[in-house]
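Chains as they are written, first to last, in numbering that gives the first Met the number 0: chain V, 0 to 404; chain C, 0 to 404.
It is worth saying that the hints were derived from the structure and are not from the lab. Accuracy of the hints is not assured; some may be wrong.
Identical chains share a label here; the pair holds if one copy fits it or two copies do between them.
[Unchecked claim] In silico lysine-lysine, DSSO-like type, Cα no more than 30 Å apart, as pairs:
1. K334 x K252
2. K130 x K104
3. K372 x K1
4. K24 x K350
5. K131 x K208
6. K372 x K50
7. K104 x K369
8. K254 x K24
9. K25 x K378
Protein chains: 2
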Amino acid sequence: MKILKNKTITDVNGIKASGISGGLKKSGKKDFAVIYSEGNPVSSAVFTNNKVKAAPILLSMEHIKNPITKAIIVNSGNANACTGQIGMENAHIMAQTAADELGVKKEEIIVQSTGIIGVQMDMEKIIPAIKKGCSKISTDGGNDAATAMLTTDTFEKKLTVSFEVGGKEITLAGIAKGSGMIHPDMGTMLSSLVTDISISKEMLDLAFKDCVSSSYNMISVDGDTSTNDTAVIIANGLAGNSKIESVDDDFKKFKEVLIYINTELAKLIAKDGEGATKLIEVEVTNAVNLESARKCAKSVIRSSLTKCAFFGEDPNWGRILCAVGYSNAEFDPNKIDISFFSEGERIQIAKDGMGVDFDVEKAKEILLNKEVKVEIDLKDGEHSAIAWGCDLSYDYVRINGEYTT
Amino acid sequence: MKILKNKTITDVNGIKASGISGGLKKSGKKDFAVIYSEGNPVSSAVFTNNKVKAAPILLSMEHIKNPITKAIIVNSGNANACTGQIGMENAHIMAQTAADELGVKKEEIIVQSTGIIGVQMDMEKIIPAIKKGCSKISTDGGNDAATAMLTTDTFEKKLTVSFEVGGKEITLAGIAKGSGMIHPDMGTMLSSLVTDISISKEMLDLAFKDCVSSSYNMISVDGDTSTNDTAVIIANGLAGNSKIESVDDDFKKFKEVLIYINTELAKLIAKDGEGATKLIEVEVTNAVNLESARKCAKSVIRSSLTKCAFFGEDPNWGRILCAVGYSNAEFDPNKIDISFFSEGERIQIAKDGMGVDFDVEKAKEILLNKEVKVEIDLKDGEHSAIAWGCDLSYDYVRINGEYTT
């Protein structure tokens with residue numbers, strides 16, 4: 000696998016995209032994106048488990064069943080969530096408008112929306128935006144699309160990789176957005192991937208859904224599971240590899256790359272959590288089962304007290320052990336070892352569930368880094384899991400206290 | 000029932016208490032309390048569900064089984080949690096020291112500790128503190144004891160009430176502490192109640208354990224369930240009522256008062272959450288079952304995004320509906336009504352799962368008050384629940400970023 004720096008979704012065969020300003024954001028920043036594919040692409044998606052699902056989620060859950068997906072349209076600035084029947088009709092109109100403009104069927108369109116909850120979509124702005132966006136798609140538009148998805152994000156999340164399947168070079172690219180209301184359960188706040196691999200819809204589904212539980216579902220910014228989480232992938236087959244139709248070596252190779260790209264995008268979302276000053280990685284090892292490893296890692300990454308300690312660069316490991324304690328995971332409290340690790344330096348701070356004498360100054364130095372790993376060894380089994388998150392800073396409070404309805 | 004203003008635990012017949020400075024807190028503030036009862040008091044207690052339990056919790060879980068409980072000793076400044084075998088031995092030494100000083104048996108002592116996790120108790124300080132505290136107990140010491148429990152709390156939580164059972168006046172008084180690491184699951188961060196009612200240990204247990212699920216277990220400051228949560232009550236029988244030994248009218252009357260006092264103490268803890276600028280009450284009505292009502296209320300009170308919106312006095316009801324959505328409660332997303340209520344003013348902000356046109360200025364005025372209620376009507380059944388919490392402010396981050404190991 001090669002990482003293709005400076006490449007983006009439109010560097011995948013057959014993909015065109017655009018990102019424009021449609022006036023939904025008061026700031027005038029880009030707020031509408033189209034990702035379109037040539038050919039007859041198959042797709043797979045995972046959506047939020049929140050019982051309160053946004054209108055575009057309900058629509059896209061239907062459309063994803065269609066054998067072909069030609070395009071994803073994304074608007075930021077309005078989530079079209081908690082908008083009732085009118086919101087539902089608006090989501091349909093949005094899909095129809097894009098379909099007409101692109102010359103495809105309505106059910107071949109996936110709609111993603113992100114932004115304020117509970118406000119009806121401004122149709123006088125979004126309709127012209129859809130028309131403009133669809134008319135502007137090009138093989139240069141990938142970066143604009145990545146920008147147009149963002150809300151309080153501070154940078155674009157994008158990654159493009161290539162790998163070989165059956166002698167053919169396959170490209171796989173994704174763009175994502177995150178920032179706040181990030182505690183995905185099934186899907187995540189908007190992640191769109193495109194690839195030119197040739198694969199059946201069933202096999203794409205199998206590969207994609209499995210990835211999500213170890214990538215997006217393992218990040219948390221604030222414990223709030225959004226109404227709009229969506230991760231979607233479309234595969235247009237234009238790379239010309241022999242079509243993947245079973246769990247063979249080609250499938251496994253593809254899935255490995257898919258896990259990599261989804262995990263990296265998930266980490267970028269965690270790193271750019273609202274107000275975040277650092278990326279925290281929590282690795283739980285030697286758990287009695289996978290569920291316990293995951294519960295444990297997610298409990299620590301979600302703990303407000305632990306997150307504040309990281310913001311303050313305070314090696315307060317007791318809060319970590321406390322969060323392990325209330326995680327509902329299976330473990331022996333008297334076996335747990337904890338270390339901090341960053342940039343080649345490791346310091347053990349707890350052993351067998353108790354503190355050890357450690358060099359507080361060295362620990363603080365490690366915590367000063369922008370990416371810090373917490374290693375939790377349960378010494379109780381053979382399963383492991385990693386979760387990603389960020390610290391809790393004044394800026395998280397500022398961003399979410401000021402963000403106005 | 001009468002609320003006895005300016006009365007405290009030592010106004011209950013037979014109760015003596017003290018609160019002193021033992022040097023555990025660097026600030027020199029009071030950090031050790033004793034609550035002692037004459038007679039042969041029965042007791043009941045609920046402890047944290049966190050799997051990582053502090054040494055005093057493990058000790059007190061044994062001691063509470065004893066038919067008689069003569070005293071509760073409380074230290075702040077060190078939680079004696081994650082301190083292994085040495086911590087366990089220290090907890091035993093603490094209980095033994097108090098028992099010797101008070102002339103009672105070791106198993107008649109309940110030990111509560113709160114403060115930093117993972118640091119061994121400074122026995123050279125705590126032993127003299129226990130001796131001094133036990134020698135100073137008096138019928139004037141109630142307020143000092145309430146003060147000595149506190150950590151980052153900004154005010155004492157105490158409440159005293161009286162009521163009549165079988166022609167006898169009963170007094171019931173409680174003191175509590177909260178502030179951070181507050182998301183009780185079974186018990187809460189240190190609450191001690193005393194009463195002179197005559198009741199069997201079985202009946203006291205029955206009444207007390209039932210109360211906890213609708214009071215302490217319904218508050219959240221930060222979603223972090225502590226390693227040290229304890230709520231304990233002792234009843235010394237000195238009021239002279241005919242002993243309660245079954246679920247009769249006297250029992251019901253006592254339980255009603257007990258629910259009241261525990262709920263009020265729980266609300267005081269929520270109000271004084273770390274960095275809190277206001278008390279938030281979330282009332283969920285017409286849920287299909289009690290579990291759904293509670294899940295729903297607790298999910299909203301825990302949501303960081305909702306808490307930030309309250310700090311910013313922003314009527315961002317979409318975040319509330321989002322938190323209802325991921326609560327795992329049973330409900331119909333298209334039936335939910337939401338209103339804000341405070342100081343006689345009510346404003347409906349959502350109806351049938353959708354926003355309604357509302358006067359944003361009036362909503363903001365309501366949110367400016369120091370106590371705000373969120374009313375969530377699920378219109379789906381007959382069960383209700385209330386949860387209490389606070390907003391998430393810059394000060395929460397400051398307190399927990401600076402709090403040093």
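Earlier hints that do not hold, by number | Structure breaks hints 1, 5, 7, 8 and 9.
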